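Asks: Heads up: the protein sequence lines correspond to chains Z and D, in order.
The first sequence maps to residues 79 to 444 in our numbering.
The second sequence maps to residues 79 to 444 in our numbering.
Worth double-checking, as some hints may not be accurate.
The list makes no distinction among identical chains, and a pair is therefore deemed to hold if it is satisfied within one copy or across any two copies.
[As the list claims (entries may be wrong)] Here are the simulated DMTMM-like cross-link-like pairs (lysine to aspartate or glutamate), alpha carbons at most 20 Å apart as the crow flies: (1) K309 with E181; (2) K339 with E241; (3) K309 with E185; (4) K309 with D215; (5) K422 with E349.
Simulated from the structure, these hints should not be mistaken for laboratory data.
Quantities reported herein were computed from a predicted structural model and do not represent experimental measurements.
There are 2 protein chains.
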Amino acid sequence: MKETALTLGDAFNQADFIVGGHGSRQVKVLQNVLDQIDGELFSDHYGNGPLIEEFQQQMADVLGKESAVFFPSGTMAQQIALRIWCDRKGVKRVAYHPLCHLEIHEEDGLKELHQIETILLADKDRLICLEDVQALDQDIACLLLELPQREIGGQLPAYEELEAISAYCRERGIKLHLDGARLFEITPYYQKTPAEICSLFDTVYVSFYKGIGGIAGAILAGDPDVMQESKVWKRRHGGDLIGLYPYILSSQYYFNERIGKMELYYEQAQELASLLNACHGIHTLPEVPVSNMFHVHFALAAAEVEPILVQMAQQYGIGMTSYLNKTSGNSCAFELSTGDRYEKVPQDKLRAALEWLDQELRKQVR
Amino acid sequence: MKETALTLGDAFNQADFIVGGHGSRQVKVLQNVLDQIDGELFSDHYGNGPLIEEFQQQMADVLGKESAVFFPSGTMAQQIALRIWCDRKGVKRVAYHPLCHLEIHEEDGLKELHQIETILLADKDRLICLEDVQALDQDIACLLLELPQREIGGQLPAYEELEAISAYCRERGIKLHLDGARLFEITPYYQKTPAEICSLFDTVYVSFYKGIGGIAGAILAGDPDVMQESKVWKRRHGGDLIGLYPYILSSQYYFNERIGKMELYYEQAQELASLLNACHGIHTLPEVPVSNMFHVHFALAAAEVEPILVQMAQQYGIGMTSYLNKTSGNSCAFELSTGDRYEKVPQDKLRAALEWLDQELRKQVR
Numbered sequence: 079m080k081e082t083a084l085t086l087g088d089a090f091n092q093a094d095f096i097v098g099g100h101g102s103r104q105v106k107v108l109q110n111v112l113d114q115i116d117g118e119l120f121s122d123h124y125g126n127g128p129l130i131e132e133f134q135q136q137m138a139d140v141l142g143k144e145s146a147v148f149f150p151s152g153t154m155a156q157q158i159a160l161r162i163w164c165d166r167k168g169v170k171r172v173a174y175h176p177l178c179h180l181e182i183h184e185e186d187g188l189k190e191l192h193q194i195e196t197i198l199l200a201d202k203d204r205l206i207c208l209e210d211v212q213a214l215d216q217d218i219a220c221l222l223l224e225l226p227q228r229e230i231g232g233q234l235p236a237y238e239e240l241e242a243i244s245a246y247c248r249e250r251g252i253k254l255h256l257d258g259a260r261l262f263e264i265t266p267y268y269q270k271t272p273a274e275i276c277s278l279f280d281t282v283y284v285s286f287y288k289g290i291g292g293i294a295g296a297i298l299a300g301d302p303d304v305m306q307e308s309k310v311w312k313r314r315h316g317g318d319l320i321g322l323y324p325y326i327l328s329s330q331y332y333f334n335e336r337i338g339k340m341e342l343y344y345e346q347a348q349e350l351a352s353l354l355n356a357c358h359g360i361h362t363l364p365e366v367p368v369s370n371m372f373h374v375h376f377a378l379a380a381a382e383v384e385p386i387l388v389q390m391a392q393q394y395g396i397g398m399t400s401y402l403n404k405t406s407g408n409s410c411a412f413e414l415s416t417g418d419r420y421e422k423v424p425q426d427k428l429r430a431a432l433e434w435l436d437q438e439l440r441k442q443v444r
Numbered sequence: 079m080k081e082t083a084l085t086l087g088d089a090f091n092q093a094d095f096i097v098g099g100h101g102s103r104q105v106k107v108l109q110n111v112l113d114q115i116d117g118e119l120f121s122d123h124y125g126n127g128p129l130i131e132e133f134q135q136q137m138a139d140v141l142g143k144e145s146a147v148f149f150p151s152g153t154m155a156q157q158i159a160l161r162i163w164c165d166r167k168g169v170k171r172v173a174y175h176p177l178c179h180l181e182i183h184e185e186d187g188l189k190e191l192h193q194i195e196t197i198l199l200a201d202k203d204r205l206i207c208l209e210d211v212q213a214l215d216q217d218i219a220c221l222l223l224e225l226p227q228r229e230i231g232g233q234l235p236a237y238e239e240l241e242a243i244s245a246y247c248r249e250r251g252i253k254l255h256l257d258g259a260r261l262f263e264i265t266p267y268y269q270k271t272p273a274e275i276c277s278l279f280d281t282v283y284v285s286f287y288k289g290i291g292g293i294a295g296a297i298l299a300g301d302p303d304v305m306q307e308s309k310v311w312k313r314r315h316g317g318d319l320i321g322l323y324p325y326i327l328s329s330q331y332y333f334n335e336r337i338g339k340m341e342l343y344y345e346q347a348q349e350l351a352s353l354l355n356a357c358h359g360i361h362t363l364p365e366v367p368v369s370n371m372f373h374v375h376f377a378l379a380a381a382e383v384e385p386i387l388v389q390m391a392q393q394y395g396i397g398m399t400s401y402l403n404k405t406s407g408n409s410c411a412f413e414l415s416t417g418d419r420y421e422k423v424p425q426d427k428l429r430a431a432l433e434w435l436d437q438e439l440r441k442q443v444r
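Using the sequences plus the hints, can you model the full thing?
Replies: Encoded structure:
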């Protein structure tokens, strides 16, 4: 049959309703922003000018830090933060989770460009805890914590655990850096403001194209002397562009538009995960999401799940995912993040689709 | 008097006609591009997708290289090109002009991030010539030539000199890299296509916000294996953004709009330099421009020139420069690049202003 020959990606793109995210990454995302802007507004200029300075101040205030610097990417911002802490301590060694973005997605930039040695704390399938930090047998300049830990479904430690790690690091002269790519998304679970969470950290990175839904760009925040030094490294990395305003304006626009919706996304993620967990052969990680994201695991191989999801997209118009990653054993998984699209999905269609999915999985998963 | 209390910058910004450049760096520069784009167009995605791939191919064709990679900045692109050549030869040493961009504007990124040693060829006030390269007493992986040499007014070697340097480097196993930030602007003088000039070089960087007038962004071009490697370093530098399309779309738009106007800008620069050289106490460098740019030198201190230029802007509506740099001795200078604004300047006003300037300078310069 021609229909079932569709790939999962195609079926997903053709679905009437897509469950996750804010929308497609299309040029209109930027056009919508620029339509609101006075064309006479001047570009930022190599990191200076009101356009960049005002947004940096806004973000410094939100994060409860004295100073903030806009970067084109988190990759650049985080390497630089770690480099500064290493230089200050004279110890070129940091620690982070084995599935840290710097370890698996950055072609070893930290090691190749900065000659910084890394210690992998905890196991791949669990969070870093205080005992891991206490058990370190080498001195480190900085510990990086990612909240939520994306590659294991966006898990979070208990807030008390975080406070204990922070206190321990301060006591031992270890700087604590936050990979807060999804910081805003965890505030409803912790019932803390971004500034409250950031107060546990010496430097903080946040992203504007996850829950915020901008185009690209990052903020690094901390003490003014550290931020000043980060600007020198930003120039060295080639990130001190004559104009970063396309990213700044879109980051600011979507931040203002969506920062108040994090509670909603969080509740929607919990609802959606609950519906998925009710399906035979499916479990989510975490079982109860602690942000707007979670991973969906099938107790069945990707080759067997794929035609079912293709059929679901075609019959019920529900696009759940465009891909499936093989996981250990006869199983597969994908990542879901709730955003503006979720509330456009008719609940009756979604529930009917998932009931059908449950039945299909019952036929194949023992 | 209130009027003469204006700074040169303010007088320049308030002038009816500005002599150089394409226009102010305002958000409308990007809005004008996006107004022409279908909002459904998909973003590039971490260096992939038709939007980036098609522009890279267009530029590879223009530059006569097999492959091209878009970077957020020339700073990033050029460090990476030099790093690759150093790694391949196993020699972490390159040579360039003492006023090379990498030496004076990049906070020593090449040295701090890549541990590459640099040899400064020629003197600050003259171009690198074949004899300088022949006189090298240490092996280098790569020689960087900047065409035109911006910091000395945008001077160019004779084309035969370039060919001789290129042939010598090939013979000696030295890679030749072109800092072509203003490559398109020199094609009328050499009467060569970009591809013809680039054929003398192993790797080439071009910029899109000088004569092209885009927002930011750069292309690095060369052999496919080198370009493939450059993508790995682009990720390490933090330049492999999820979407670079604001820069790509604007680079492409203004390239297509202005590439045919380089001859015009070149002729205008010659005309303008000639008018300025007719003023007492002014000379341009080069005396006859070889691109759209040149430097304007006054045989008078900045503090004395400034009120004259302020008065000229107010009385004649002609904005010549917003700044003056002190140069050696009792003199000062500024940079001029002709662009779309020059043809909007009424010739009678410009000539009247310069006649008045000539008279004022005669009063003060012996």
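Asks: Please go over all the hints and tell whether each is borne out by the structure.
Replies: Quick rundown of the hints versus the structure:
1. Taking CA atoms no more than 20 Å apart as the test, K309 paired with E181 passes between copies only; the shortest distance there is 18 Å, against 23 Å inside one copy.
2. In this assembly of identical chains, K339 and E241 lie within 20 Å of each other by CA distance neither inside one copy nor across copies; the values are 26 Å within and 62 Å between.
3. Proximity of K309 and E185 under a CA criterion of 20 Å is satisfied inter-copy only: 10 Å between copies versus 23 Å inside one chain copy.
4. In this assembly of identical chains, K309 and D215 lie within 20 Å of each other by CA distance neither inside one copy nor across copies; the values are 33 Å within and 36 Å between.
5. In this homomeric assembly, K422 and E349 come within 20 Å of each other (Cα to Cα) only inside a single copy, at 15 Å, whereas the closest approach across copies is 62 Å.
Violated hints, in rising order: 2 and 4; the structure is consistent with all others.
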